[in-house]
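J.: Below are the chains, spelled out letter by letter.
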Amino acid sequence: MINHFKLFFLSLIIIAISSCKQQQVRQIPVRDFFKTPEKTFFKLSPDGKYISYLKPYKEKQNLFVKSLADGKEVMATSFTDYGIRDYSWTYNNQIVLSQDIIALDQFKVYAIDIATFKLREVLSLGTNVRLRVLNRGRFNPDIITCSLNKRDPANADVYRLNIRTGELKPYLINPGNITDWFPDADGKIRLVQASDGVNRTILFRKDENTTFKPIIVSNFKDMVQPIAFTGTKNNFYALSNINRDKAALVEINAENGHEEKVLFATPRGDVEDWGYSKKSKQIEYVAWNDDKPQIHFLSNDAQRLYNTLIRQLPGNDVKVADRDSAEQKFIISSSTDTNPGSFYLYESDTQKLTKLGDVNSDIKPDELCGMKPVSFKASDGLNIKGYLTLPQGDKNTNLPVVVLLLRNNLWSRTSWGYNAEAQFLANRGYAVFQINYRGCMGYGKAFHSAGFKQVGGKVQQDITDGVHWLINQKIANPKKIAMFGSGFGGFSALYGMSFHPELYNCGVIQYGLINFFTYIKDAPPFLKPYLKMTYEMVGNPETDADQLRAISPVFHADKIKAPLLIFQGAKDPRANISELNQYVRELKRRNVAVTYVLKENERTYFRSEHNRTQMYTDIEKYLDDNMHGKP
Amino acid sequence: MKPQQQGYQKNFSLIIAFFVLISVTLVVALIIVYNLTQRYVENEFASKKIDVLEQTLKPYNDLYLNKVYEITSYQGFLDSASAGKYSATVFKDYPFVKRTVFYDVRIGNELVEPGSKKYRLGISVKSIYEYTLNKQKRLTGTRMPDVEDINFRQMAAKFSYYIANADTSRAPNPDEIYKTFYDIKPDKVSYLNIPRRQEIKAYRNLQQTGQTSSFYKQNMMTFYLDPYALHVANPHPELYQQISIKPVVYDPLDNNDNKQQYVTELAFPGAFSDYKLYFMASTNYLQGEINRRFMPTGAIVFLIYFVLVFIGWLIYRNLSTNLKIFKLQYDFINNFTHEFKTPVSVIKIAGSNLRSEAELTERQRKHYGRILDEEADRLNDLMNKLLSFTQIENRSINIKRKEVNIEEFVKGFIETFRIKYPDFKTDYKIEGVDKFYTDPVLLGSIFQNLIENAYKYSHPQHKELFISVIHEKRDIVFTFIDKGIGIPKSEIKNIFKKFYRIENKYNQNGSVGLGLAFCKELVNFMNGDITVKSELNQGSEFTVTLPYEI
Numbered sequence: 001m002i003n004h005f006k007l008f009f010l011s012l013i014i015i016a017i018s019s020c021k022q023q024q025v026r027q028i029p030v031r032d033f034f035k036t037p038e039k040t041f042f043k044l045s046p047d048g049k050y051i052s053y054l055k056p057y058k059e060k061q062n063l064f065v066k067s068l069a070d071g072k073e074v075m076a077t078s079f080t081d082y083g084i085r086d087y088s089w090t091y092n093n094q095i096v097l098s099q100d101i102i103a104l105d106q107f108k109v110y111a112i113d114i115a116t117f118k119l120r121e122v123l124s125l126g127t128n129v130r131l132r133v134l135n136r137g138r139f140n141p142d143i144i145t146c147s148l149n150k151r152d153p154a155n156a157d158v159y160r161l162n163i164r165t166g167e168l169k170p171y172l173i174n175p176g177n178i179t180d181w182f183p184d185a186d187g188k189i190r191l192v193q194a195s196d197g198v199n200r201t202i203l204f205r206k207d208e209n210t211t212f213k214p215i216i217v218s219n220f221k222d223m224v225q226p227i228a229f230t231g232t233k234n235n236f237y238a239l240s241n242i243n244r245d246k247a248a249l250v251e252i253n254a255e256n257g258h259e260e261k262v263l264f265a266t267p268r269g270d271v272e273d274w275g276y277s278k279k280s281k282q283i284e285y286v287a288w289n290d291d292k293p294q295i296h297f298l299s300n301d302a303q304r305l306y307n308t309l310i311r312q313l314p315g316n317d318v319k320v321a322d323r324d325s326a327e328q329k330f331i332i333s334s335s336t337d338t339n340p341g342s343f344y345l346y347e348s349d350t351q352k353l354t355k356l357g358d359v360n361s362d363i364k365p366d367e368l369c370g371m372k373p374v375s376f377k378a379s380d381g382l383n384i385k386g387y388l389t390l391p392q393g394d395k396n397t398n399l400p401v402v403v404l405l406l407r408n409n410l411w412s413r414t415s416w417g418y419n420a421e422a423q424f425l426a427n428r429g430y431a432v433f434q435i436n437y438r439g440c441m442g443y444g445k446a447f448h449s450a451g452f453k454q455v456g457g458k459v460q461q462d463i464t465d466g467v468h469w470l471i472n473q474k475i476a477n478p479k480k481i482a483m484f485g486s487g488f489g490g491f492s493a494l495y496g497m498s499f500h501p502e503l504y505n506c507g508v509i510q511y512g513l514i515n516f517f518t519y520i521k522d523a524p525p526f527l528k529p530y531l532k533m534t535y536e537m538v539g540n541p542e543t544d545a546d547q548l549r550a551i552s553p554v555f556h557a558d559k560i561k562a563p564l565l566i567f568q569g570a571k572d573p574r575a576n577i578s579e580l581n582q583y584v585r586e587l588k589r590r591n592v593a594v595t596y597v598l599k600e601n602e603r604t605y606f607r608s609e610h611n612r613t614q615m616y617t618d619i620e621k622y623l624d625d626n627m628h629g630k631p
Numbered sequence: 001m002k003p004q005q006q007g008y009q010k011n012f013s014l015i016i017a018f019f020v021l022i023s024v025t026l027v028v029a030l031i032i033v034y035n036l037t038q039r040y041v042e043n044e045f046a047s048k049k050i051d052v053l054e055q056t057l058k059p060y061n062d063l064y065l066n067k068v069y070e071i072t073s074y075q076g077f078l079d080s081a082s083a084g085k086y087s088a089t090v091f092k093d094y095p096f097v098k099r100t101v102f103y104d105v106r107i108g109n110e111l112v113e114p115g116s117k118k119y120r121l122g123i124s125v126k127s128i129y130e131y132t133l134n135k136q137k138r139l140t141g142t143r144m145p146d147v148e149d150i151n152f153r154q155m156a157a158k159f160s161y162y163i164a165n166a167d168t169s170r171a172p173n174p175d176e177i178y179k180t181f182y183d184i185k186p187d188k189v190s191y192l193n194i195p196r197r198q199e200i201k202a203y204r205n206l207q208q209t210g211q212t213s214s215f216y217k218q219n220m221m222t223f224y225l226d227p228y229a230l231h232v233a234n235p236h237p238e239l240y241q242q243i244s245i246k247p248v249v250y251d252p253l254d255n256n257d258n259k260q261q262y263v264t265e266l267a268f269p270g271a272f273s274d275y276k277l278y279f280m281a282s283t284n285y286l287q288g289e290i291n292r293r294f295m296p297t298g299a300i301v302f303l304i305y306f307v308l309v310f311i312g313w314l315i316y317r318n319l320s321t322n323l324k325i326f327k328l329q330y331d332f333i334n335n336f337t338h339e340f341k342t343p344v345s346v347i348k349i350a351g352s353n354l355r356s357e358a359e360l361t362e363r364q365r366k367h368y369g370r371i372l373d374e375e376a377d378r379l380n381d382l383m384n385k386l387l388s389f390t391q392i393e394n395r396s397i398n399i400k401r402k403e404v405n406i407e408e409f410v411k412g413f414i415e416t417f418r419i420k421y422p423d424f425k426t427d428y429k430i431e432g433v434d435k436f437y438t439d440p441v442l443l444g445s446i447f448q449n450l451i452e453n454a455y456k457y458s459h460p461q462h463k464e465l466f467i468s469v470i471h472e473k474r475d476i477v478f479t480f481i482d483k484g485i486g487i488p489k490s491e492i493k494n495i496f497k498k499f500y501r502i503e504n505k506y507n508q509n510g511s512v513g514l515g516l517a518f519c520k521e522l523v524n525f526m527n528g529d530i531t532v533k534s535e536l537n538q539g540s541e542f543t544v545t546l547p548y549e550i
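Heads up: the protein sequence lines correspond to chains A and B, in order.
For the first sequence, position 315 (counting from the first letter as 1) is numbered 315 according to the working numbering, and the numbering increases by one without interruption.
For the second sequence, position 418 (counting from the first letter as 1) is numbered 418 according to the working numbering, and the numbering increases by one without interruption.
Keep in mind that the hints were calculated from the coordinates and are not lab data.
There's no promise every hint is true.
Part of the chain B face toward chain A, derived, beta carbon under 8 Å [stated by the list, open to error]:
id, residue
1, S73
2, Y74
3, Q75
As a list, the in silico DSBU-like pairs of lysine-lysine whose alpha-carbon atoms are at most 35 Å apart [as the list claims (entries may be wrong)]:
id, chain 1, residue 1, chain 2, residue 2
4, A, K521, B, K118
5, A, K458, B, K67
6, B, K117, A, K588
7, B, K137, A, K571
8, B, K158, A, K150
9, A, K377, A, K108
10, A, K281, A, K445
11, A, K588, B, K58
12, B, K58, A, K599
13, B, K118, A, K559
14, A, K588, B, K179
15, B, K135, B, K246
16, A, K521, B, K179
17, A, K188, A, K281
18, A, K521, B, K67
19, A, K588, B, K137
20, A, K588, B, K456
21, B, K137, A, K453
22, A, K458, A, K445
23, B, K327, B, K276
24, A, K395, A, K521
What the simulated footprint calls covered on chain A by chain B, stretch by stretch (three residues with Cβ under 8 Å from a Cβ of chain B suffice, anywhere in the stretch; the number is not a length) [what the hints assert, rightly or not]:
id, segment
25, 170-178
26, 579-589
We put the CB at the ideal spot given by N, CA and C, even for glycine.
Produce the complete structure using the sequences and hints provided.
T.: Listed below in structure tokens is the structure:
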């Protein structure tokens, strides 16, 4: 009899296990999520004859060029030490590319002639130098206009770089307060933005021989982002939120700074992106992020083009990544929340769409999890938005939750779209909760400024409120909540774990910010103009020392109880490694279970695929161990 | 008996030798263990002071390694208010810090000499604040005159030297940090916040060119320490009776004459190097600890000793038992030879008589025939007894159970013996039992032996026996009561032993001392029990209890 029962139960268990297996989602390997993308940075040559892209060769990004005439593909570079950071075409079929040699703290610029594929070094620059290509000359294609902080690490000047000779000619010397340059199509700079840290000024000059005159002065809470001259009079397109809450596309008269007309405005969010046709000198469309990305067309041609595309790529978030100068050929990128995206070549004359490659072909969209916009009321009544990615399967209550805060910039928001970390965690069975706390940009001026001097205050309260909301909705298992943050998100995670230890099981920190004093002082020199603004937005270390001390996790190592996993690249320019070491030492002394991974030869973001895979494998195992086993 | 006597004596001297040896070993072991324990405790008294130092200096090391690092975390942004708050936390957590002095340091350029146009790195103090706790344990801060004191000047010199020689391509390593940013003097620790790489570079630049657009801020803090406020931790109260903090020169003279105390000392490192920990324990105090530690080891030694003694006793007991058995077997052979000798000599005499007689009369023939027959029976009987006893002892016979009518069985024996011994008065009583299952042969043997004994060991006028059979619960109890000579108390436990015979006039011959041993073996074999009650010259009562089976 007993034996019969045993058999019965055994078969029951087997049935239960096998039925679980059927429902179980396939675990996508870590590497598939975080491998270096296969082909990215697709660009068209200005004459429309070549397509170039970056592809890993020996795990490092290298440049490949494909001829559209005969379909031949050539590997143009063969770097094996460090991959290519950025590249651009010139109008005479040269490619300028840059490489960041982390071990030597060096920054190098190369050029390649497409006819011979010969690589030549143009520039080699020292530590902490930033080069930005502002313009490629159409009439003198060998000259590119770039900004470079070579003279003074704190201030970028504008140079004309001859890519044949490597000759660097200063064009505009920064008097010390210029933060942005807006070249016109010829590379002439007539519009610049200056900042004294708190106030921003747009300056204009009629031609290169006259001096710059301020036309618009705005507080840093306001934003005026020039786009391009309209071609009529001296008007220019700009995104502006002066005298309104949400940024709108406007036309501004450069001579007096007056707003001539509003081209597009929406109460649903700040206009953030635009499509500009150099050929027609027109803004084709503007884009903004509501719960999901939105687009509005200003030109019929563009709408027609897009409608054809959208018909062929249903449901995808479509963007024009590059176009040739004749605007006949386009590189189109498309992606969704469950699709890392693909690149296409679109030829408008034949309306032919050719797939160029996937960002990550190992990811199958139907195995991924949808990103659902959610909103909740913060404890002071403010409406806070966020996104919730639930794991596949029927179960949607009492789930283990990872609060994911990936924030390279304190004020940047999470937008709807594919996110490798979120999908990785959801695939492993965790509900992923992303919160756009107050202060995030994109929701208008009022929401943004609500976060000023509230870092660690109401900003942090929003996160706590969000977690409580998730628990009250019965979605979260209150005993299985983890914090996962990078950069400022790392700060938020540490802060949450220091001051709400009852709420969180464990934390994963990637290059987390631990000390606001250091953050403010350690700002790389090229961020100096923003420092005063930071004083206003976060706090002034001289006058708000108590507040900064109160929110900086480094002073509160004694409050952390839950286990921590910390990742840091040793060459991260913003991190103070000795301080982090001291912090970890202090945590260990207080018997906090902290695992500290310090990788040599990595900057903020781990560029080595091996290190990255290792990191996420560690994270997976760590969450398994600390969230009481598999979800 | 003589050889055995000698055996006993030999044994005894050996035993004494053994006991003397292990007792001596015991004493030696105890002395050695005690000495070792004493030395161990004395060693510990000298060596465990490191633990005390470690424990006592734990908060100091914590302050030194962790708490002061907080000043660096402020990145030079400390001012009089935040320095005060920081000092308050220091006073709270580290009571041995009595006073802190905060230096708001400015790094800028200064003229090489008045009137010249050359600049160099200038390290100066903008303001100095002193913080203490007042009597109400409240923090008080006072601004001091901005005079650069010795603490600051030394730190500034070290820092300036570091800037001149530092490798600016990397952050300072721990060694450089210790040598540059810490300044440890008796009773005080000064700390300067560690600048980041970029700042060191900027300072270097300033040092070389004298060019700067602004000044930089550094923070320095000096902690004044009171060694007497250190909480002396005593993790070994069993060793150290008293631990105190004394100046490093403290050395009381009476120590040398007074041998009643153990004393040791250990100097503090770092900022407390003018002081030492002074450990004291009286001889009695340490003696107590020695005894306490000696107890368990002593007990173990004693335990081993007693185990040895016990084993010795066991060996002795074994030896003496063997000796007794040897003696019994010797007796047995003696008796048995005697027993056999009688019939054999009778047969021998009868045989020789028969041979010497020329003619046998009828009376003679019958006489000799009867003698030969009787003696042969007797021999046979002896042999059977010996044989069956061996069989029983080896369990090589089987019980053949059958129904026995008790009354008939008892009556039969009484009849037989009445014929055999006409002067034997026997009677019986049977209660509550009629018949039961047993092996009649084995039960017969028991009856035979016990009845025979009752007759044999009785005075000629009192040859009486009463047999009672009672059914008692699950047992059947046979009782044989005689009025015989009885058994002395000292012998009662021996009578069931093999070859054992009580020395008396009744068994000079015709007994081998096997009867009762045989009975006991039989009863045990039948899962029963045999007991005896007896009183000297009054009679004996043998009780056989057998399981009642139907």
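J.: Hints first: check each against the structure and report whether it holds.
T.: Results for each hint:
1. S73: Since the shortest Cβ distance to chain A is 5 Å, the answer is holds.
2. Y74: Holds, because the Cβ-Cβ distance from B/Y74 to chain A comes to roughly 5 Å (cut-off 8 Å).
3. Q75: holds, 4 Å
4. A/K521 x B/K118: The hint holds at about 29 Å.
5. A/K458 x B/K67: holds, 29 Å
6. B/K117 x A/K588: The hint is violated at about 53 Å.
7. B/K137 x A/K571: violated, 46 Å
8. B/K158 x A/K150: Status holds; Cα separation ~33 Å.
9. A/K377 x A/K108: violated, 49 Å
10. A/K281 x A/K445: Answer holds: A/K281 to A/K445 is near 29 Å, not above 35 Å.
11. A/K588 x B/K58: Between A/K588 and B/K58 the Cα gap is close to 16 Å, so the pair holds against 35 Å.
12. B/K58 x A/K599: holds, 32 Å
13. B/K118 x A/K559: violated, 51 Å
14. A/K588 x B/K179: The given pair, whose Cα atoms are some 25 Å apart, holds under the 35 Å limit.
15. B/K135 x B/K246: holds, 26 Å
16. A/K521 x B/K179: Answer holds: A/K521 to B/K179 is near 24 Å, not above 35 Å.
17. A/K188 x A/K281: Given pair A/K188, A/K281 holds - Cα atoms ~16 Å apart, limit 35 Å.
18. A/K521 x B/K67: Holds. A/K521 to B/K67 sits at ~21 Å (cutoff 35 Å).
19. A/K588 x B/K137: Holds, at roughly 32 Å.
20. A/K588 x B/K456: Roughly 97 Å between the alpha carbons, so the hint for A/K588 and B/K456 is violated.
21. B/K137 x A/K453: Since the Cα atoms of B/K137 and A/K453 sit roughly 34 Å apart, the hinted pair holds (cutoff 35 Å).
22. A/K458 x A/K445: Distance of about 17 Å is within 35 Å: holds.
23. B/K327 x B/K276: Judged against 35 Å, a Cα distance of about 80 Å means the pair is violated.
24. A/K395 x A/K521: Distance of about 47 Å is beyond 35 Å: violated.
25. 170-178: Our answer is that it is violated, as 0 residues pass the Cβ test (under 8 Å) against chain B, missing three.
26. 579-589: holds (count 5)
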